[in-house]
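In case you want the letters, here they are:
Number of protein chains: 2
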Amino acid sequence: MSEKNKDTKVYTKVIKDIKEKILSGELKNGDRLPSEREMAEKLEVSRTSIREAIRVLEIMGLIESKRGSGNYIANSFGNSLFEPLSIMFMLQEYSPEDIHELRETLEIECCRVASKRMSDDDIKLLNDIVDKMYKTNDEEQSLLLDIRFHNIIVKSSDNPLIVNMLEVISQLMDKFIKEARKIILCEENNREILLNSHKEIVLSLQERDEEKAIYSMKKHFEIIKQAYENY
Amino acid sequence: MSEKNKDTKVYTKVIKDIKEKILSGELKNGDRLPSEREMAEKLEVSRTSIREAIRVLEIMGLIESKRGSGNYIANSFGNSLFEPLSIMFMLQEYSPEDIHELRETLEIECCRVASKRMSDDDIKLLNDIVDKMYKTNDEEQSLLLDIRFHNIIVKSSDNPLIVNMLEVISQLMDKFIKEARKIILCEENNREILLNSHKEIVLSLQERDEEKAIYSMKKHFEIIKQAYENY
Chain X
37 MSEKNKDTKV YTKVIKDIKE KILSGELKNG DRLPSEREMA EKLEVSRTSI REAIRVLEIM
97 GLIESKRGSG NYIANSFGNS LFEPLSIMFM LQEYSPEDIH ELRETLEIEC CRVASKRMSD
157 DDIKLLNDIV DKMYKTNDEE QSLLLDIRFH NIIVKSSDNP LIVNMLEVIS QLMDKFIKEA
217 RKIILCEENN REILLNSHKE IVLSLQERDE EKAIYSMKKH FEIIKQAYEN Y
Chain L
37 MSEKNKDTKV YTKVIKDIKE KILSGELKNG DRLPSEREMA EKLEVSRTSI REAIRVLEIM
97 GLIESKRGSG NYIANSFGNS LFEPLSIMFM LQEYSPEDIH ELRETLEIEC CRVASKRMSD
157 DDIKLLNDIV DKMYKTNDEE QSLLLDIRFH NIIVKSSDNP LIVNMLEVIS QLMDKFIKEA
217 RKIILCEENN REILLNSHKE IVLSLQERDE EKAIYSMKKH FEIIKQAYEN Y
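Sequence lines, in order, name chains X and L.
The numbering used here numbers the first residue of the first sequence as 37 and each following residue consecutively.
The numbering used here numbers the first residue of the second sequence as 37 and each following residue consecutively.
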């Protein structure tokens with residue numbers, strides 16, 4: 037077996053072992069891992085390979101090594117852990133329809149929940165964003181405002197799992213919004229339709245009207261779908 | 037700066053650089069990366085650090101190194117890339133409500149789409165699974181059948197993005213199903229209610245009835261929610 041395959045194999049074994057311990061409740065954030073010697077014996081590999089696998093997990097940010105004290109599951113995770121996976125998602129080349137479907141499904145739900153949970157400050161923020169959207173003619177700025185608009189609604193869902201999932205594929209989503217805007221704005225009339233659609237979403241949230249919130253977000257995605265079909 | 041922080045920093049730089057190249061369309065699956073010398077010069081770090089960062093990405097399965105030829109973006113990704121992220125999701129300790137909300141949202145959509153796209157073979161498979169569910173009294177077997185039932189519906193959505201997202205958090209989902217079943221089955225009557233609910237979903241898919249498919253999956257999640265509330 038080549039050096040590379042051997043290391044990948046030990047890395048996979050170490051990951052699997054840690055995972056089982058987390059599933060069984062034996063390990064959680066901040067907990068100390070067994071010593072490298074113990075792991076080497078249990079998994080029947082050399083200590084050098086264990087050290088290399090641990091090192092990979094450390095650089096990724098899943099594990100913290102403390103000199104003289106051992107290896108620990110990190111207490112909090114930086115973005116470094118998301119990054120390789122987000123690259124993988126970027127390389128998969130999903131179709132616009134696949135991305136549209138996921139976004140539509142999750143954002144309608146986020147918008148529904150946001151109508152009940154969004155803070156007044158965030159609603160004010162959304163109103164400000166829409167005002168700025170009406171005022172600017174600069175597409176680069178409009179795009180950033182659009183992305184921010186949707187992010188605020190997702191975050192207001194107050195569901196950390198949905199927020200984290202969408203974070204993992206945020207580049208994918210941002211790219212989708214950019215392309216969708218391009219396609220929508222090919223039609224002159226669509227600029228106003230798109231602006232009004234954003235406005236309608238804010239109004240429904242402001243009125244704390246769950247049904248309207250669902251309806252306005254559905255309509256928003258209908259505009260995107262229509263534009264793709266006519267393109 | 038400690039050795040560890042330095043390496044993490046170079047790794048982050050390398051990842052960022054690769055990501056930008058993918059976003060701009062300069063790099064895709066199977067493409068050759070710039071040489072380690074070029075990367076070291078561009079990112080203003082030593083070649084040794086570049087080599088270490090590349091090595092981490094190689095062990096993770098994102099990059100393939102070919103002796104004498106250079107480093108390439110992998111053509112396909114194994115599970116090894118998903119694993120560290122799935123550990124992170126496991127450690128986050130999301131509430132059952134958060135997991136329920138995500139599952140409900142995505143699975144109702146998957147079920148809606150499956151009513152149009154699911155193959156007759158898969159419908160037969162679902163029918164077999166439900167038959168086995170009725171027959172067995174073994175909870176371990178029932179759990180596996182339940183997990184398989186939902187996986188088949190998700191896969192039939194034919195949306196690789198949704199399938200991949202749910203794969204990343206599959207341990208989380210399986211654990212949720214296990215706990216939800218425990219809570220539901222505390223009530224004697226619920227066993228039959230749960231069985232009939234699975235049956236109803238298959239029937240709606242068999243009839244290719246979109247509205248019924250949505251309704252039956254909604255009802256399924258309503259049973260889970262009710263059980264949690266009465267628990």
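Be aware that one or more of the hints could be misleading.
Intra- or inter-copy, both count: the list cannot distinguish identical chains.
Here are the computed lysine-lysine pairs in the DSS-like style, where the Cα-Cα straight-line distance is at most 25 Å [unchecked claim]: (1) K211 - K64; (2) K55 - K211; (3) K211 - K102; (4) K235 - K152; (5) K52 - K211; (6) K255 - K152; (7) K168 - K254; (8) K214 - K55; (9) K218 - K102; (10) K57 - K45; (11) K254 - K49; (12) K171 - K45; (13) K261 - K191; (14) K57 - K214; (15) K102 - K49; (16) K171 - K57.
Everything labelled a hint here was simulated from the structure, so no lab data went into it.
Here's how the hints hold up against the structure:
1. K211 - K64: Intra 35 Å, inter 16 Å, cutoff 25 Å: inter-copy only.
2. K55 - K211: between (33 Å within a copy, 13 Å between copies)
3. K211 - K102: For K211 and K102, the Cα distance exceeds 25 Å both inside one copy (39 Å) and across copies (32 Å).
4. K235 - K152: Within one copy only: 18 Å inside a chain, 34 Å across chains, cut-off 25 Å.
5. K52 - K211: between (34 Å within a copy, 16 Å between copies)
6. K255 - K152: both (19 Å within a copy, 22 Å between copies)
7. K168 - K254: within (23 Å within a copy, 39 Å between copies)
8. K214 - K55: Cα proximity of K214 and K55: across copies only (17 Å, versus 38 Å in one copy).
9. K218 - K102: neither (50 Å within a copy, 40 Å between copies)
10. K57 - K45: Classified as within: same-chain Cα gap 19 Å, cross-chain 29 Å, threshold 25 Å.
11. K254 - K49: Intra 45 Å, inter 39 Å, cutoff 25 Å: neither.
12. K171 - K45: Answer is neither; intra-copy 56 Å and inter-copy 40 Å both fail.
13. K261 - K191: both (24 Å within a copy, 23 Å between copies)
14. K57 - K214: between (42 Å within a copy, 17 Å between copies)
15. K102 - K49: Answer is both: 22 Å inside a copy and 24 Å across each meet the 25 Å cutoff.
16. K171 - K57: So K171 and K57 fail the 25 Å test inside a copy (55 Å) and across (33 Å) alike.
Hint violations for this structure: numbers 3, 9, 11, 12 and 16, all remaining hints satisfied.
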